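Following the hints, complete the assembly by docking chain B onto the known chain A.
Number of protein chains: 2
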Amino acid sequence: MPHPLDSFFSPESIALIGASRDLEKIPGRLLSMLRRNEFPGRIYPINPNYGDIDGLKCYPSIADVGQPIDLAIVCIPARTVLGALEQCAAAGVKNAVIISSGFAEEGGDSAAMQDTIAALAKKTGMRISGPNAEGFYSEVQRVAATFSPTVEIKPEAPRLIATRRRIGIVAQSGGIGFAIYHRAKALGIALSYVVSAGNESDLGAGEFLDYMVQDSSTDVILLFIEGIRDVDKFLAAARRAAETGKPVIVTKVGRSGAGERAAASHTASMAGWSAAYDAVFAKYGFIVSNDLDEAVTIAAVLTTSPMPKGDRVAVLTVSGGAGIWGADTVSMQGLQVPELSETIQAEIRALLPSYGTARNPIDVTAQGVHSGGLQKSIDLLSVSDDVDAILVVLSLSSDTRMPFKQAELKPVIDAQHKPVVFYSYTLPSDFARKELAASGAVVLSGLTHVGVAMRQMVQRASFKLAPPAGMSAAPPCDVSAHLKSARLSEADSKALLREAGIALADEVLVTVKSALDDAIARTGFPIAMKIQSRDIPHKSEVGGVRVNIATKGEVFLAYGALLESARRHRPDAAIQGVLVSPMAKKGVEIIIGTMQDATFGPMIMVGLGGITTELFKDVIYRPAPVSATEASAMLAELKAAPLLGGFRGAAKADIPALSQLIAQVSVLATAYRDHISEIEINPVLVHPEGQGVTIVDALVVPKSR
Amino acid sequence: MPHPLDSFFSPESIALIGASRDLEKIPGRLLSMLRRNEFPGRIYPINPNYGDIDGLKCYPSIADVGQPIDLAIVCIPARTVLGALEQCAAAGVKNAVIISSGFAEEGGDSAAMQDTIAALAKKTGMRISGPNAEGFYSEVQRVAATFSPTVEIKPEAPRLIATRRRIGIVAQSGGIGFAIYHRAKALGIALSYVVSAGNESDLGAGEFLDYMVQDSSTDVILLFIEGIRDVDKFLAAARRAAETGKPVIVTKVGRSGAGERAAASHTASMAGWSAAYDAVFAKYGFIVSNDLDEAVTIAAVLTTSPMPKGDRVAVLTVSGGAGIWGADTVSMQGLQVPELSETIQAEIRALLPSYGTARNPIDVTAQGVHSGGLQKSIDLLSVSDDVDAILVVLSLSSDTRMPFKQAELKPVIDAQHKPVVFYSYTLPSDFARKELAASGAVVLSGLTHVGVAMRQMVQRASFKLAPPAGMSAAPPCDVSAHLKSARLSEADSKALLREAGIALADEVLVTVKSALDDAIARTGFPIAMKIQSRDIPHKSEVGGVRVNIATKGEVFLAYGALLESARRHRPDAAIQGVLVSPMAKKGVEIIIGTMQDATFGPMIMVGLGGITTELFKDVIYRPAPVSATEASAMLAELKAAPLLGGFRGAAKADIPALSQLIAQVSVLATAYRDHISEIEINPVLVHPEGQGVTIVDALVVPKSR
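Chains A and B are the protein sequences, given in the same order. Counting along the first sequence from 1, when you hit position 676 you're at 676 in my numbering, and nothing is skipped either side. Counting along the second sequence from 1, when you hit position 587 you're at 587 in my numbering, and nothing is skipped either side.
Here chain A stands alone, though its shape is the one from the complex (with noise of 0.2 Å):
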């Protein structure tokens, strides 16, 4: 399928704006890296001080090319490139890349061409990257659109490939992005293209994920932003990347305070909340990782390996403390390393000799290798319903010596029953990486980020899209009149929730103590009693709560004792009355929020309750809306979901009710994201299945205008 990027990646002719002869200069290195890197397409250097560079002919401007062109490289001072970029629109130019710094990176008057650069692009349809980007290249079509040194062709060490799949490479930092690029290449991993966002006056990160999403070429891809700044566009490939099943491994920065400062800085972008990015990413089944070398294992393995269809791994190897070390390693991770059946024990052990072990780990030792018993059990374990996995532990250090024959091997890979996963103790040889590659194979080299690799490898395996939240299904009723006010009171908050078609227990709002009576009628005992004030937002501060009342003479007593205590602790606050409620039955105690974030709106929180929220940072965060299914989702992502599940011996909590109160919380946060700010419920009670839940405490925040 055509994409509009299509001629920006792959471009028949390119144009280079600076091309220079001195190759200790960034323009001159750009055309040398062009045509060292074999671009089969026609290439255009634009200089008015040359006749020509390097035996192609070079032209004083755009204009004077007078054939298309697909993209142009703009590589100039960066108070001359908006007038060139205006040539090249001129020209029909369909698309430019801007290496030049000194934009919105530095601000002011800089930050404004920029802001120009962007119009010109929405005004012209040229597309435009950058500036202050480091270009791209294309593996698969040799197109070097950039000055890293990390495209650099070296004859003396030829590129290695070992996987089928190829990786796609987004990233808003170029350095980032080719850095990735370097240590990928180094295992082996074979690339469809690296594309560094930079400023991203038009085209941006999400765009470019787009490309790759939909791109035939890219199997897996890697994402590393500070902030997404075109995020329709990202949520779009985000979504489709979910639905077509193509793997993305996003490593997101900015999430400290130093990191956050330094990223508003940096390529002036939002680093924005990473609670909010993290929710989105687990939304759409993004494979989060924070570390680059765990990030390209994690891409090692998905580009290597068919999907596994369960947990259970073997770990094989040729010694015994490293396979120890290999089972301690995806064990942590939560996968299962079960003891293999008597059958293929049998199987395994007539392969081995006496000091060897069959069970997982197996412990094939280094007379295995010699007597081909290693290569056996792989073969072995590779088509037994044992196990979903294979890790080989072993050391591939020799620069002589391989404990495999690619005849033997590579059939196992090709065949691709299951995952079969290389990892060595000591440093791989170049010798070792050179053979398993022309197998099919990678060799690892950090046993944590392969046992986290697959422990990801596993998790994508199972993960399902959430259907929508069907907005639609639920349509609140109009609950703008309860917005009229800047501040909300409990009761006020309530009242909107019930609006909303939230069930809520009967509650009564007494203004005058002769109301009690019939209160108490309405709610029977035991009583629990509150003050209700838009200027007292903590209640219990001000001595305002009163609960378990149990007799009609407490009740009288208390409604005096509350708004007496409020009056003396804030005299200034218009007090609404007492809120009068029938104590809940007792539940386990959860908290439901909802907040807007600057980049993605309305987000939907719950988490336990009580002082563990906020100890254990134990909840979990989504966009707004959710469905009943994805609430009930995040609701097994808590680490305390036991409690819910029927924990010691409990009733096992009525989740479906709770999973339906966040589905509706998160549509109503969402359908009025311009007038709610926030949502919380904390507590709501959920009672034991088939009993529902019950809102003891709820309080929404307008949004100030």
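Simulated from the structure, these hints should not be mistaken for laboratory data. Check the hints yourself; a few may be wrong.
Unchecked claim - Dumping the calculated SDA-like pairs for lysine to any residue here, alpha-carbon to alpha-carbon at most 20 Å: (1) A/K552 <-> A/P526; (2) A/K639 <-> B/I611; (3) B/K154 <-> A/F431.
If you're wondering where the values come from, they're calculated on a predicted model, not measured in any experiment.
Chain B only, in chain A's frame:
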């Protein structure tokens, strides 16, 4: 100071029993390795089949040598080893290392042979390492008593040495021990010794550790263990390491079910219970690392840097994105990346182009490399009081260009003002490693590992060995009389604790209804009542607990009901009576326990009580006994520690009283290690400061004899 193992690690003469001319076989490789590594002492090959090997005179037997021999390397078939060792002992050989396999790891007769070897060592005083060992290597004395290919001399790749300090490696697995060396060598970390312990018939990992701790050429120790056999030597070495401040980085495997299973068969060691190992490691300030590259990264940082004075890190970079990633990574490890003071910011800004930033992370930009801004920023930061460590994040992949000059960088590293750590986001080139090594710097390439290493370094810098618990200071009275039955009830257990000097509330075990009045008079209302029987360990399961009883009538009713319910649920149980207790004041719910570890003996455990213990696994262990000071340190390590410190405006809990109780329980468990198997105090309620603690329930489990 001389050490008994000096002649083992630094022999003046070596006999090689089983020496061979065949370089394809292990005995042949051993001799070749020894010579190629230029062992400076005398070598005596022993083999009746040769007159000489490679120009060295070969002896028919050890008895024929007629010269003092410090070390015999034994590499002959298992069945012939014992005879050879007896000849060694007769000839006065001081030490032997048995490379041969086929002993305890095979079980049966072969294991018995190993026992005989151990007995020989004990009888003759000749020290024996192995069997099934990969030997050892001394880089200091050039002793290659191993066949590991990792010690091969490669003239085409001269040894890279970047660190001023040396690591020593002790590993129970030879494969891993030499793999650690292989990776450390590639980074340029200097080595004293690497030794593999094998089956440990005589010399064990504990004694090797002790050697490294006392050895002046070893500065940082890397330890890889499956399970410690020479526990007392290990603990003495651990204490000595803690006292002298020599860092030990430890990897303990056999932590998972599968790993433990494998460790049991491999080298026949007991992996043991890893929480006990971790408790011992924590006590002695060992740095635990479960990843090879991470462990080596920590070693690299410790061998190049002084200990930091605090946790403030400056992140210095030439690439915005990479700098943010660096700042995120160290921040996520809990270190600070503070904004720099205006003074130093101004000084640094003067060195940078307009688009650089001096806030921290400090982006000197690519231009900052050429202008000298990078080096000058390091100079400034290394003497600044603003930060305690510097992390330099850059690309060191070039084969020709270096961002530093040795004349400028080396003096800063040599000054050792604070740690300066170098991370390359591209794969570092050999050229860069060599260049930086000349300045005394290691180039690291795993960012998360770097973050962990810096955090571990900061933590190690503030480690203090806890003072001894002082068993004599608090000798419990004789509690033996309470340990006569095989099982104890709560009342029995509490009586035992009281006898041991532990404060408990005044409670009454009521055996006849008529005694209830007196009991009430003693406890006062409200009251808790619990059925007591040595046959009913879980009282609530038989309806055996009533709480918050407020009236006399209820007390009498409850008494009958408790007995009735117990008889109905457990008609066979012998009932002691009903324990009548005052209801405890509110407090933070804590669990204290002791248990016996097969390797390390009595352990003390503390955790937050209630559901959180089980759900969030928030418990801390230490080897018993502990002092109150050490108990306080345990409490501070709990994730739930804030709850005791006055969470959300609550009163600060009585940590001194709780610590005192933990210490008392730990002393009791230690003093009665032969009679008490477990103690569980669950819960103990910790009241506000100055108000002590209340033990609500307790169970002492006698050791079965």
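- Query: Which numbered hints does this structure break?
  - Reply: none
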